[in-house]
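Chemist: Listed here are the chains, written in short residue letters.
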Amino acid sequence: MSADSKINILLVDDLAAKLLSLETILAPLGENVVKTSSADEALHYLLSNDVAVVLVDVCMPGMNGFELAEMIREHPRYQRTAIIFISAVHLTDADRMKGYELGAVDYIPVPIIPEVLRAKVAVFAELYRKSRELQRLNRELEQRVRERTSDLEASSSRLRESEERFQQIAHTIDDAFWLVELQPDPRVLYISPGWEKVWGRPAGAEHSPLKCWGDTVLEEDRKHMAEAIDRALAPESDGVWSREYRIVRPSGEQRWIRERGRILRSETTGSIRCVGLAEDFDERKQAEAVLARDREALEQLVHERTVELETSNLRLRMADRMATIGTLSAGLGHDMGNLLLPVRMRLDTIEAQPLSDDVRREVGAIRKASEYLQRLARNLRLLSLDPEGEGEGGGETNLAEWWSDVEGMIRNALHRSVKFSGKIEPGLPRVQIGRAGLTQVVFNLVQNAGDALHGRPGGHVRISAEPDPHTGGARLCVSDNGPGMSEEVRRRCMEPFFTTKTRGMSTGLGLALVSGIVKNAKATMEIDAAPEGGTIFRINLPAAKPGAADAGAPQKRGVASVRLNDRRMVAHVQAVLTSLEFDVLHDVEADVDLLVTEAESDGTCPVALGFLAARPESRALVFGGRINGEGGGRVVCLDFATKPSALRSQIRSVLKD
Amino acid sequence: MQSGTGRVLRIACVDDNATIGEAFAVRAALEPTLEWAGVVFESTAKAIEAKLCKLKPDVALLDIDMPGIDAFALAESMAAAAPEIRAVMFSGHLNRKYIERALDCGAWGYLSKNDDVDSIIAGVRKVADGQIALSAEAELVLRRDRVG
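Order-wise, the sequence lines are chains Z and F.
Here the first sequence stands for residues 160 to 816, where the numbers follow the numbering used here.
Here the second sequence stands for residues 37 to 184, where the numbers follow the numbering used here.
Next comes chain F alone, as it looks inside the complex (with noise of 0.2 angstroms):
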């Protein structure tokens, strides 16, 4: 795999809140080395994979509260069927169950929606290179509640 910088990144969203893509989209275009593949929201996690997997990003941004699917379930089937698409969970939650289960269903991190976009862009180019991406905040609350 190459390594993620320097290179055009392709990047996608899937979120059934639109706004957040198509703002994402028009920001992407700042950066040059970023390449917006498109939002993504269907009823299923299969058709949601289906239509990933033709976009074809290297990273992908899974929101948490769709309604009807399941997240992590969606990256966990990802991570085994297509792991050229590295899907990182992208929510405004901060809760260490959800972190937790985002490393333990083979997502490449957990970035905030809180965070600075710039920060969000650092995480995704974080993951193309190799690296779990955990924003800050994710990263405190990992570190500072003990593990039982």
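Isolated chain Z, as found in the complex (with noise of 0.2 angstroms):
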């Protein structure tokens, strides 16, 4: 229904001339005007028509007018109808009165004047349109409200889903993340609920992401941790950072936390924000710390083995030149050995024969040169002396007695103009290191004072022991007075292949073979200035084990008694008995470690028996013996054919049991 459409205006009158002249007097309004001639048409009329204006005839035949309004009044459709009464008669004000609470909205009295008619319908038909138009247009509006509200609903409802989606995330999520607020109004905007789970501890308003959350982080942390995200407010950042520091939960306990985090610069509003994910990566940072450890162990093991193997490797190459070096002076001693000894007796020859004084002066001079020689050749045999058997730093040494047999050779290794003094007394405690080992070291740092003192004149190395109270072995010192080492050279001098000297006359080896003799001998080394400017060697030689020899008494040796009738027999099994640390005692019935006898011809030996039934610790070695059982197997029986190799494995195996 459209604003300008015509309304309907319902006459209702018995008579026909005065329903003509009404439509008429109305027919300008240019409404649709319809004529009805009783109150039942015009209630037909209206079930099925809406109307603006009612105009009805007060009398009529059948139903009246008054009674055609209460019944219209009762339709609800029709309660705001405007009905006007046109009447000639009833003119009383109780008509009026009776007209208007039956809802009526004017009475006409007849005559009519056709200009009022007119107006007052209009009025009415301009209101029934007015009200019209405002209730479509209210019904829009209501419309309108209802597809607004069902907007909102739908949106409201989709707020609600999302904001319960972010909670499941939220609560699912045990990393801490948060939105905070830096311009304009500083404050936190959000923290997610896993900070409480990483913090061990609820969020107050203390705990800001901007504030090191709070006191919860480390103090040593806290600097770095700010600057994190001053950096990424740089104008030059990519306003992305990420942190890591330790925060402290109210049990004490600290835990590593790594942190991502991003600046967000509102382009419409200003504001600048920053959002973060906070995790506790302390597991990840035990692992990884203890990965670093390995992984740093590994690399210094790798570089021990290194080393270790560059050790072996050096002392393999100098084991291998000191072997070639041994053979080589084995072999040259020994053919100096062999000239010298025809030409030592014939100077024999030559004294023994009557000789003027010049010449038996020259003989004497010959004789002191071939007498020098003579120490050269042992010398040189002796620093062939193979350390085959010493072992890995095995073997143990008698410093005194070492001495004696090395001193003349060590001399050597130094220049004739460089003075050399050594003393070692007697009555040292036995050391643990070979013998051949500690010729090696001694004469490497012999050699080496040397060469610091090649061509410095008063030039003076000297070689001492001393007991070692702390350790029950002994000090052995070398010592020179040379130019010394700076720091940097003593702390590497120990290195292989460092050198001072020119290449061409050092390997750099000798120093690193000296250390690697000495490690392995489980002894120590300092190297220091000496008291006379020089360099000192000190090296701490440990005991030598326990039970293999007391410590500073010469070595308790077997006492064996050999009672046989051969005396060759005899003399082959003192030899052998003496090789083997046995002082050799003949023909004596004593408390000795072993007897070496005969049988009886039937082949048994009471006189074994007897000795070994006497002394349970002791041992019995009988030629030609038939003995099954008896001496608890502390006897062994050897024929008398036996060869004389066999006979030193045959009495090592009657020691062992």
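Everything labelled a hint here was simulated from the structure, so no lab data went into it.
What the simulated footprint calls covered on chain F by chain Z, stretch by stretch (three residues with Cβ under 8 angstroms from a Cβ of chain Z suffice, anywhere in the stretch; the number is not a length): (1) 46 to 57; (2) 61 to 73; (3) 136 to 142; (4) 148 to 155; (5) 159 to 169.
One side only, chain F facing chain Z, incomplete, derived with CB under 7 angstroms: (6) Gly128; (7) His129; (8) Leu178.
Chain Z regions said to be covered by chain F (calculated; three or more residues, Cβ under 8 angstroms): (9) 504 to 515; (10) 721 to 732.
Virtual Cβ for every residue (Gly too), placed ideally from N, Cα, C.
Hey, can you piece these two chains together into the complex? The hints should help.
Modeler: Here it is as structure tokens:
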């Protein structure tokens, strides 16, 4: 229905002339005028049409105007329809009142003044039209309100769903995430529930990521924490940061936190916010630390192994070289000895003859020279003494005995212009190092000292030894009065291939070899400035293991008694026993460790069994004996025809059990 | 067997180096109780043994380094076949293995060419007297190096 469409004006009158006249009066209004001639007809029309104004004649046959008005008003649709009564009669005030009570809006007496009627109807028509328009607008408005409401409900429901999803996510994520406004109003906008899990405490107002989470971050980590966000805020930055720090939980436990975040700048509002995600990566950090430690340990191990390998490689090459030198010097010493022997013999022969003093003097000079050569030959052979049998770090040494053997050779390592003094008193504890190894160590140190003293007048190399009361071992010192070592040289001189000498003169292996032998013998070495300005090497040698020998005392040797008739047999048994560290007595019945004797002609040996019965710790070796099970396994029988080469192993076997 | 003391000892030397034997012969002449039996060197051990048996020395000094000859085997064979000739190893080498082998093969000792001639002669007398003779160095090596 449009605003300008025609509205219905219903005329009700039993007189057709009146209907016509009313229609004529109202025609200029341009509305749709409907004429009905009775109340029934009017009601019939009203049932199916909207009517703006009803003009009713009060006096009609059948249902009169008042009754019609009452019926119209009863219908809810027409309660507000304007009803105008027209009547020539019933013009009393009571009539009018009745008309108004029944819902009339006006009461027009006859004669009708057409302009007045038209104006009144026009007003109601307009009112009706306006009211109808208002209703339409109202309906439209309601429709819009409904639509809006529905939109609002939909978006509200979407929001609810989104919030629900967010909450689900926020509660499920164990990490802490947060949103903070930096500008214009610095404040914490959101901290996820994960924060409590990570921090082990409820989040309070003081826990702001901008303020290092209150006092929960370790003091020393706070500075770099703040710097991370400052850097991200810098204009040239991409606005991303990450930082690691430690927090302290209320229990006192420390946890490593890794945090990543981003600055959010709003172009529209100009606000600056930042979001961050903080995760507890303590386990990972610990694992990383363990990994790093392991890696470091591994590297250290690799380094150590490499050094060990280099050292052992070096020792191998050095040993190889020493072996070559040994072979060479042994051959040289041997050949010199072979040549010198006839020379000495001839000298003996010459000197045994009557000689003039001059000749005797000359021969004496030759003898002196040959004696010097003989000493040299001896030293060369000592140098070749094979360290084989000493084993790895094995062997023990009586320092004084060792020194008396090697002094001459070691002295020869120095140039004649260098003074050499070496004094090692007997009575020092036996030390745990092989003789050949010790010789190599001292030889190298002395040679080095000699090199340091090269071309310096008054050069002096000293060797001394003293007991070490702390370890029970001994300390051997090799010192010189040379130029000494700088701190760096002192620190590095044990490294393989480190040398201060010109190339071609030194391999840089000498001290590394020394260090290797010293370490192998479980000894230690200190390098110091010597009192006279040079360098002093102190080698702390551990004492020989107890049991093998009493420290300081001569080694305890076994005692054997040999009671054999055949002298040749006696001689051999004695020689072999001597080489097995036995002192040998002859034909003596005493408390010895081993008795070597021979059986009676029937194979029995009452002597040996009697000997063993009285001495439960002793052993016996019986030539020609046939003893079965007697002697408790402490007796071994040998055939007289036993080859000398088997004797040694037989003696060892009886001693072993 | 007679004691060597005071008796004239016949001494022989087995060495491919003739100068040693010759010098020894001259030197031995200074000793009234020593008789030089001679220097022997042949290309086989058997020939050397045969020669020694002909010379009949009381003590034979055996060089170790002889071309083509195993002196230890020679000493062992002599001990079995001609025990009256006492073989002693006589060397410039100082080596534990050699010394042990000398004793094990039945030699009467190990004397060093580097020793004083007097010591060598004393060693020879000791052998003739029925004892094993070891040079001072050889004894040192045997005593010092530990038995494994």
